[in-house]
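Taken in sequence, the protein lines are chains G, B and D.
So that you can map any letter, position 62 of the first sequence is 62 in the numbering used here, and since no number is skipped, the others follow by simple counting.
Here the numbering used here runs 285 ahead of the position in the second sequence, where the first position is 1.
Here the numbering used here runs 589 ahead of the position in the third sequence, where the first position is 1.
No lab work stands behind these hints: they were computed from the structure.
Predicted, not measured: the structure shown is a model, and the values here were computed from it.
Keep in mind that the hints are not guaranteed to be accurate.
[Claimed, not checked] Residues from chain B that face chain G, not an exhaustive set, calculated with beta carbons under 7 Å:
no.	residue
1	313
2	316
3	326
4	412
5	542
[What the hints assert, rightly or not] Keeping only pairs whose Cα atoms sit at most 20 Å apart, straight-line, the calculated SDA-like set for lysine to any residue is:
no.	chain 1	residue 1	chain 2	residue 2
6	B	482	G	22
7	B	482	B	355
8	D	712	G	186
9	B	402	G	33
10	G	65	G	46
11	D	706	D	743
12	D	712	D	731
13	B	482	G	14
14	D	847	D	798
15	B	402	G	276
16	B	482	G	7
17	D	749	D	793
18	B	482	G	18
19	D	706	D	669
From the three backbone atoms N, C-alpha and C, an ideal C-beta is built for every residue, glycine too.
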Amino acid sequence: MNTPRRRLRQNIARLFYWIFLAATLVGVLTLTVLLIDIWRDGSPWLDLDFMNSFPSRFPEEAGVKSALFGTIWLLALTALISFPIGVGAAIYLEEYAPRNWVTGLIQTNIANLAGVPSVVYGILGLALFVRALALGRSVLAGALTMTLLILPVIIIASREAIRAVPPSIRDGAYALGATRWQTVREQVLPAALPGIMTGTILALSRAIGESAPLIMISALSYIAFLPGGILDQFTVLPIQIFNWASRPQPEFRGLAAAAIIVLLVVLLSMNAVAIYLRNRYRVQW
Amino acid sequence: MPRPRAHATRASSRLSERAMGSMLFLCAALSILTTVGIVLSLLGETLAFFSEVSPIEFFSGTQWTPLFQPKHFGILPLINGTVMVALGASLVAVPIGLGSAIYLSEYAPERVRNLVKPALEVLAGIPTVVYGYFALQFITPDILQRLFPEASVFNAASASIVVGIMIIPMVSSLSEDALSAVPRDLREAAYGLGATKFEVATRVVLPAALSGVFASFILALSRAIGETMAVSLAAGSTPRLTLNFLESIQTMTAYIVQVSLGDTPAGTIEFRTIFAVGTTLFAITLGMNLLSDWVIRRYREAYR
Amino acid sequence: MVSPLRFEFGSSLPQSAGDPHPAGNNLVLEARSVRVWYGNFMALRDISIAIQRNQITAIIGPSGCGKSTLLRIFNRMNELIPTARTEGQVIFNGEDIYADGTDPVEIRQRIGMVFQKPNPFPKSIYENVAFGPRINGFRGNLDEVVEHSLRQAALWDEVKDKLRHSALALSGGQQQRLCIARALAVEPEVILMDEPASALDPSATLKIEELMRSLARNYTIIIVTHNMQEAARVSDRTAFMLADEQRAGHIIEYDLTKAIFTKPRDQRTEDYITGRFG
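Throw the hints in and build the complete structure from the sequences for me.
Rendered as structure tokens:
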């Protein structure tokens with residue numbers, strides 16, 4: 001055999017092993033650099049005053065209170081609206097839908113909605129909720145816009161969780177004379193719930209990190225009060241971050257980083273809850 | 286034991302059964318309404334826009350200055366900026382994402398996979414505004430301006446890099462799914478002929494998974510085109526026909542945000558530009574998503 | 590190793606033995622010219638069979654002959670398969686369960702079913718048994734129903750101290766008896782069993798078979814099995830099914846179990862029970 005050629009081939013193989021490994025590590029490395037950079041910039045600004053103050057023109061007095069509360073309001077309201085609708089749609093598609101063109105159309109449509117840029121949802125929110133339904137630049141308008149944005153994600157995740165419940169469970173319930181809805185409510189849904197919850201929380205964490213649609217409908221970052229109801233104006237952490245990050249003064253750069261830390265902590269806690277639910281309540285079939 | 290059967294409850298339960306089915310159908314049908322809503326809300330104002338600006342000017346004009354006098358409504362500079370960032374992001378994400386997909390599917394031991402996959406998931410879950418901050422406050426000053434002192438504060442390069450990083454997880458995980466779906470006996474056949482691991486990966490597995498890999502590129506590109514906050518922060522708001530990555534540019538999405546941030550009254554031509562640009566953006570991303578769908582379906586290998 | 594098998598017959602053969610095609614008041618279920626399609630594929634053709642009250646009827650035949658499909662037409666479980674279509678009549682206590690306006694949900698309360706693989710709900714033992722009565726709007730003492738059903742299923746002594754534990758923690762045999770208890774809790778008249786012991790070990794199988802014999806005093810049981818000895822041990826009557834060239838299942842012979850296993854009238858039945866058949 002042609003030994004030098006074989007040795008060359010093996011050297012190429014070994015070289016590319018390292019190239020592929022390096023490519024894989026780029027992601028991990030970037031994540032590390034990003035987190036370190038943000039911590040370095042933001043941690044000096046992070047204290048109780050920062051959590052407890054409203055935004056201000058003076059960096060040393062500025063805080064994220066209204067943005068944090070706005071995020072929590074938005075999160076709660078979006079969860080309340082999107083969860084029942086998303087799970088309902090998933091149940092329909094998995095348990096009720098006949099195999100016909102309407103079902104096919106709905107499925108294709110959901111898949112395509114998942115790929116629509118978030119800023120387009122913002123345009124929809126602006127035209128439909130803010131103007132046509134006259135909800136103004138309110139928490140409710142924001143939550144409805146976010147609901148439409150994350151519904152495809154919730155539906156897709158919930159369908160997967162429902163599909164993971166073995167058909168034998170449904171047979172068991174039907175054979176006892178359960179109706180379709182009794183079967184779903186009493187057996188399928190409880191068994192699928194951990195998976196549905198995990199998917200929903202991950203979708204919601206996408207919603208609270210998202211700001212483009214909210215800029216379209218709310219745009220305000222200087223909010224020096226807390227929302228008291230669903231029709232009040234509000235701001236959220238990502239918009240506050242966007243606002244601070246786009247200012248030239250270095251102090252605002254620190255504020256932006258500190259607000260990013262707050263946002264990431266919120267996101268990581270949500271992810272932790274999702275992972276906990278997945279591991280704690282998963283049924284082993 | 287009495288048999289529990291009352292006809293009244295049965296009739297009412299049959300009624301509520303039907304009501305429940307209808308409610309669930311409405312939940313699912315809401316997605317159709319969403320699409321209709323998107324199309325209608327875009328179309329109404331877009332048509333109003335085109336009653337004032339000719340489509341020819343819109344699609345062939347080389348100047349985009351709707352907010353200044355003299356107003357020009359040529360969308361090409363915005364498309365140019367969008368395409369620059371999307372292609373730049375692909376230059377980052379495609380080789381890295383594909384390389385890591387090959388590593389994860391063909392080489393990685395279980396331990397490494399269990400470490401890298403969650404890290405990629407975290408990377409995918411970081412809000413885009415954070416990437417914008419990272420580009421503006423770290424990549425541009427600490428990397429780009431040291432390498433290229435002439436780079437401006439806002440530039441296409443930093444936006445391309447962070448958007449690229451942002452879509453790495455998407456390329457990586459979708460491509461890995463496609464690679465992992467290639468049956469093992471195909472790999473073993475190649476090993477049996479004396480191929481090295483690299484040759485198996487690049488000449489057997491990759492070609493077999495090509496449609497899925499290619500579809501992941503298109504989806505990631507579409508995602509990069511729709512990306513908003515990071516490019517708004519990092520790339521600037523200077524619509525311009527250029528190919529210089531170190532200059533400030535503006536993407537379609539960043540323009541939409543710029544107008545929204547200002548106080549543009551509804552009904553004006555400036556306000557309507559949001560919808561005209563939004564419609565263009567929607568059409569482009571929808572087209573790419575459908576294309577990726579078609580690629581998967583058309584070139585699906587028979588053994589999958 | 591193709592030797593004529595020795596079959597051991599059930600201890601409580603019916604008194605009315607001798608009439609292979611019973612009629613009259615003792616009939617509980619009767620299929621009349623039933624055909625089943627899955628899409629364009631005909632799975633069952635021209636099935637007619639009459640089921641005697643308080644007896645065990647076994648349906649045997651090689652795999653793919655439509656045994657399970659036949660079982661599922663008796664409680665309209667077949668129609669849960671999207672493409673399935675059924676023609677003909679199934680008379681249950683004088684009424685056609687496929688007639689317009691008949692509610693399959695009500696049929697399934699009165700004709701229970703136990704499946705091949707034990708399928709307890711991922712809930713407590715108690716909740717498994719209580720589910721049926723509860724959804725049917727039962728307003729009595731649920732504890733009593735649960736205990737009574739578990740006793741009937743010969744499971745009470747094994748689980749009475751852990752009723753709130755997960756049913757998934759039980760052994761396979763216990764799970765299957767729990768599924769039987771679950772079916773009994775809605776007080777059905779007929780219980781359909783689809784190879785109830787095929788996933789179990791021999792001692793668990795024995796328990797299920799004993800249980801079936803004791804249940805036959807109060808219930809009518811139809812069992813599908815691929816195990817001929819099992820059919821011979823527990824059943825009073827046996828139907829032998831085959832698929833034809835188009836793979837449509839039909840009944841070759843239906844008779845008292847003893848007759849089927851000792852003097853089958855059809856050559857194909859004899860070939861099958863002596864093991865000479867594919």
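Taking the hints in turn, this is what the structure says about them:
1. Given the 7 Å rule on beta carbons, the hint for residue 313(B) holds: about 4 Å separates it from the nearest Cβ of chain G.
2. Interface hint status for residue 316(B): upheld, as the beta-carbon distance to the closest one in chain G is roughly 5 Å, under 7 Å.
3. A cut of 7 Å between beta carbons decides the hint on residue 326(B): the least distance to chain G is about 3 Å, and the hint holds.
4. For the restraint placing residue 412(B) at the interface with chain G, the shortest Cβ-Cβ distance is roughly 3 Å, inside the 7 Å limit, so the hint holds.
5. With a cut of 7 Å, the hint placing residue 542(B) at the interface with chain G holds, because the nearest CB-to-CB distance is about 5 Å.
6. For the suggested pair residue 482(B) and residue 22(G), the alpha carbons sit about 17 Å apart, so the restraint of at most 20 Å is met.
7. Restraint check: the Cα-Cα separation between residue 482(B) and residue 355(B) comes to about 62 Å, which exceeds 20 Å; the hinted pair is violated.
8. For the given pair, residue 712(D) sits about 10 Å from residue 186(G) by alpha-carbon distance, which is consistent with the 20 Å threshold.
9. A C-alpha spacing of about 18 Å is found between residue 402(B) and residue 33(G), which places the hinted pair at or below 20 Å, so the restraint holds.
10. About 12 Å separates the Cα atoms of residue 65(G) and residue 46(G), which keeps this hinted pair within 20 Å; it holds.
11. Distance restraint check for residue 706(D) and residue 743(D): the Cα-Cα separation of roughly 19 Å lies within the 20 Å cut-off, and the hinted pair is therefore satisfied.
12. In summary, the hint linking residue 712(D) to residue 731(D) is supported, as the alpha carbons are separated by about 16 Å, within the 20 Å threshold.
13. As the CA atoms of residue 482(B) and residue 14(G) are separated by approximately 9 Å, the hinted pair is consistent with the 20 Å bound.
14. The straight-line distance between the Cα atoms of residue 847(D) and residue 798(D) is roughly 17 Å, inside the 20 Å bound, and the hint therefore holds.
15. As the CA atoms of residue 402(B) and residue 276(G) are separated by approximately 17 Å, the hinted pair is consistent with the 20 Å bound.
16. A hinted pair counts as satisfied when its Cα atoms are at most 20 Å apart, and residue 482(B) with residue 7(G) qualifies at roughly 14 Å.
17. As the CA atoms of residue 749(D) and residue 793(D) are separated by approximately 19 Å, the hinted pair is consistent with the 20 Å bound.
18. Restraint check: the Cα-Cα separation between residue 482(B) and residue 18(G) comes to about 13 Å, which is no more than 20 Å; the hinted pair holds.
19. Note on residue 706(D) and residue 669(D): the hinted pairing holds, with a Cα-Cα distance of about 18 Å set against a maximum of 20 Å.
In this structure, only the earlier hint numbered 7 is contradicted, and the remaining ones agree with it.
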